[in-house]
Amino acid sequence: GQSLEQPSEVTAVEGAIVQINCTYQTSGFYGLSWYQQHDGGAPTFLSYNALDGLEETGRFSSFLSRSDSYGYLLLQELQMKDSASYFCAVRDEDDYKLSFGAGTTVTVRA
Amino acid sequence: DSGVTQTPKHLITATGQRVTLRCSPRSGDLSVYWYQQSLDQGLQFLIQYYNGEERAKGNILERFSAQQFPDLHSELNLSSLELGDSALYFCASSPKGTGNSPLHFGNGTRLTVT
Numbered sequence: 476g477q478s479l480e481q482p483s484e485v486t487a488v489e490g491a492i493v494q495i496n497c498t499y500q501t502s503g504f505y506g507l508s509w510y511q512q513h514d515g516g517a518p519t520f521l522s523y524n525a526l527d528g529l530e531e532t533g534r535f536s537s538f539l540s541r542s543d544s545y546g547y548l549l550l551q552e553l554q555m556k557d558s559a560s561y562f563c564a565v566r567d568e569d570d571y572k573l574s575f576g577a578g579t580t581v582t583v584r585a
Numbered sequence: 047d048s049g050v051t052q053t054p055k056h057l058i059t060a061t062g063q064r065v066t067l068r069c070s071p072r073s074g075d076l077s078v079y080w081y082q083q084s085l086d087q088g089l090q091f092l093i094q095y096y097n098g099e100e101r102a103k104g105n106i107l108e109r110f111s112a113q114q115f116p117d118l119h120s121e122l123n124l125s126s127l128e129l130g131d132s133a134l135y136f137c138a139s140s141p142k143g144t145g146n147s148p149l150h151f152g153n154g155t156r157l158t159v160t
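Protein chains in written order, with this note's numbering: chain A, 476 to 585; chain B, 47 to 160.
One chain only, chain A, in its complex shape (with noise of 0.2 Å):
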């Protein structure tokens, strides 16, 4: 099976940096995905890990570590529009079925 653990809630205000951790530990790994999820909205793709490294897309990116079963998600910039859930995902050993983490709620603050 998969578990991942991301904290809960971050609060930051309008233009400061965030970064929303997340460990994992599964059986296979097939890369680590990024979802956002604005409230009671339907969550929507936001980046894909397979490698070790960092993947900058605008203002978010996202970082992997394989070995340390470790990667983040970073948001600069931060605008209101941000407060959401995000959540991090990974698949199981067999490349099938997709498994959330618990979510972090980020409230950007005026």
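Fair warning: there could be bad hints in the mix.
With beta-carbon atoms standing in for the labels, derived distance ranges [to be verified]:
no.	chain 1	residue 1	chain 2	residue 2	range
1	A	482	B	84	16 to 22 Å
2	B	117	A	490	46 to 52 Å
3	A	480	B	119	34 to 40 Å
4	A	556	B	64	35 to 41 Å
5	A	482	B	59	33 to 39 Å
6	B	56	A	558	23 to 29 Å
7	B	130	A	516	20 to 26 Å
8	B	117	A	502	33 to 39 Å
9	B	142	A	519	17 to 23 Å
10	A	558	B	59	30 to 36 Å
Bear in mind the hints are in silico, worked out from the structure with no lab data behind them. Think of the CB as a built atom: it goes at the ideal place given N, C-alpha and C, for glycine as much as any other residue.
Using the hints, position chain B against chain A.
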């Protein structure tokens, strides 16, 4: 708009009843996933289908069942409903269902059991 359609958007029913949730995947996607999200909780994986066949199963209750039809739409059947089944039920689809295929989620069905 993700291209994934879920119906109905809202469903209110009584304990002991049975309901069917429907999902149409994005055009061209062969894999469908079902997730349950209770209030302020994470996304709990229920089941995955690929091209009509069950591929992976999570902690899905025996009272719950699902299937994917030849036209690739999927239905999730929930029976003998209990208060604790009240949740948001999301369907998601992806082209292959493996690797780095991102999941595209529908807007969910909000089920309230009274």
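Requested in this report: Hint says 20 to 26 Å; check whether the CB-CB distance for residue 130 of chain B and residue 516 of chain A agrees.
Outcome: The hinted range 20 to 26 Å holds for residue 130 of chain B and residue 516 of chain A, with Cβ atoms some 23 Å apart.
Requested in this report: Can you let me know if the beta-carbon spacing of residue 558 of chain A and residue 59 of chain B is within 30 to 36 Å?
Outcome: Holds: the Cβ-Cβ distance is about 32 Å, inside 30 to 36 Å.
Report task. Starting from the range 33 to 39 Å, see whether the pair residue 117 of chain B and residue 502 of chain A falls in it by beta-carbon distance. Result -> holds (34 Å)
Report task. With respect to the beta-carbon atoms only, verify the hint that residue 142 of chain B and residue 519 of chain A lie 17 to 23 Å apart. Result -> holds (19 Å)
Requested in this report: Determine whether the Cβ-Cβ distance between residue 482 of chain A and residue 84 of chain B falls within the hinted range of 16 to 22 Å.
Outcome: Roughly 20 Å apart at Cβ, these two residues keep to the hinted range, so it holds.
Query raised in the report: CB of residue 482 of chain A to CB of residue 59 of chain B, is that within 33 to 39 Å?
Result: holds (36 Å)
Query raised in the report: If you check the beta carbons of residue 556 of chain A and residue 64 of chain B, does the distance land in 35 to 41 Å?
Result: holds (39 Å)
**Report entry** Hint check for residue 490 of chain A and residue 117 of chain B - Cβ pair distance inside 46 to 52 Å
**Finding:** holds (48 Å)
**Report entry** Supplied distance hint 34 to 40 Å, evaluated on CB atoms of residue 480 of chain A and residue 119 of chain B
**Finding:** Distance hint for residue 480 of chain A, residue 119 of chain B holds at roughly 35 Å.
Query raised in the report: Per the hint of 23 to 29 Å, is the separation of the Cβ atoms of residue 56 of chain B and residue 558 of chain A within bounds?
Result: holds (24 Å)
Checked against the numbered hints given earlier, this structure breaks none of them.
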